Amino acid sequence: MLNTPAKLVILRLFNMTFGRIPFCSRLFRKILVLVMIKKAKKKYFASSRYFDIKDLES
Amino acid sequence: MAKDNTEKDTGIYREIALGQIPRILGLGDRKKYSVTSGCFDRYYWHYKITDFPNARFQEAALLLALIYKKEFMGNIFYNKPAVLDWALQAVSFWLKIQRGNGSFDEVYPRENSFIATAFSAAAATEAVLLLDKDILPSRKLIKTGDWLAKNNNEDVGNQMAASALALYNIFLITSLEKYKIASEEKIKKILASQSGEGFFPEYGSYDVGYMSICVSYLAQYARKNQSPELDNALVRAASFIESKVRPDGSYDWAEMSRQTQYIYPFGLGLIKSGVLDSHVRGLSDGAVLNPAWMDDRFCLPLTIDYLRTAMEC
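Here the protein sequences come in this chain order: A and B.
Mapped onto this note's numbering, the consecutive letters of the first sequence carry residue numbers 5 to 62.
Mapped onto this note's numbering, the consecutive letters of the second sequence carry residue numbers 2 to 314.
Simulated from the structure, these hints should not be mistaken for laboratory data.
A quick note: this is a predicted structure, and the numbers were derived from the prediction, not measured.
The list that follows gives simulated cross-link-like pairs (lysine to aspartate or glutamate, EDC-like), each with its CA atoms no further than 20 Å apart: (1) A:11 <-> B:52; (2) B:81 <-> A:61; (3) A:11 <-> B:112; (4) B:97 <-> B:135; (5) A:11 <-> B:107; (6) B:71 <-> B:313; (7) B:70 <-> A:59; (8) A:58 <-> B:86; (9) B:70 <-> A:61; (10) B:32 <-> A:59.
On the chain B side, residues computed to face chain A include the following (Cβ under 8 Å): (11) 23; (12) 26; (13) 27; (14) 31; (15) 37; (16) 47; (17) 48; (18) 49; (19) 51; (20) 52; (21) 53; (22) 78; (23) 81; (24) 83; (25) 110.
Restraint ranges, calculated between C-beta atoms of paired labels, are given here: (26) A:47 <-> B:23: 16 to 26 Å; (27) B:179 <-> A:48: 41 to 51 Å; (28) A:48 <-> B:23: 14 to 24 Å; (29) B:23 <-> A:29: 33 to 43 Å; (30) A:50 <-> B:108: 20 to 30 Å.
No residue lacks a Cβ here, since even glycine has one placed at the ideal position from N, Cα and C.
Working from the sequences, and respecting the hints, build out all of it.
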């Protein structure tokens, strides 16, 4: 799920409105973790997909 | 004055560049069937922090082409099919993100950036020429060539130099004479802008760092399309840079028009400038900035320049 200008605008609108309320901001973060990591088919891990020397033989 | 330095040991450029290659490979989506396969903007394809890919990261195509094609000490990437695949994927993704008018974006969507178009096109076309692969559809390349021919940023010499090289490469690939003419027009504009002291202006005044980029691209251009005027301008430019760089390779960047802290050595090496002696000394002493000190965006093109200095100077 790549970012797009439309998604970014919606995110920033949220950040500037409901996102200012700590509860909403925490809730949003929990939703992101659920959608992108815990329930995702292809899980997102920020510190992954770097170069591995074994890649040269693939 | 420029002097002959053919005996110079440029090994330090090779060592520094080789140290950055695994880092740069980590910026790319190297999965063959991913929708962003070949994208080297990790902030876009992996972190998803940005909402569009910065075309300048696709300059990685040239780095990959160089390490695939050139055998040199310490190059574990030489002739590896995986590296060739990644290089071709990087070029393909570059084509994929091309705007309808042939331009590319760097800072925001629909920017139609002159700098991103000039530099990414120069790198992608250099990669294709080096790999000798017919993978650039002419209609797409022609769009970029036409856009570059029509647009200029005469305030900034280094961008004009990159656009001239890109146009000349497009001429070499398409055999369309109009791009050779367009590249020569760009060169004429650059030469006309050179000051009496020898510098190519960067927003009205001199900046050694950006001028070294300008010299790098102009010297590459001069190898392909020689002219005595350009050779003379390069010698004058090198002399100007030499007058500003100290024996330890540093210079007073705070007084420069763009406060740039780095030096691109490739062009200076090609024209045998004595600046390389000072720069190598500064790098050996850890006294001057090198690609490892920089962020991803600026590390990439400087690493390419270091690698080419080591291989070709």
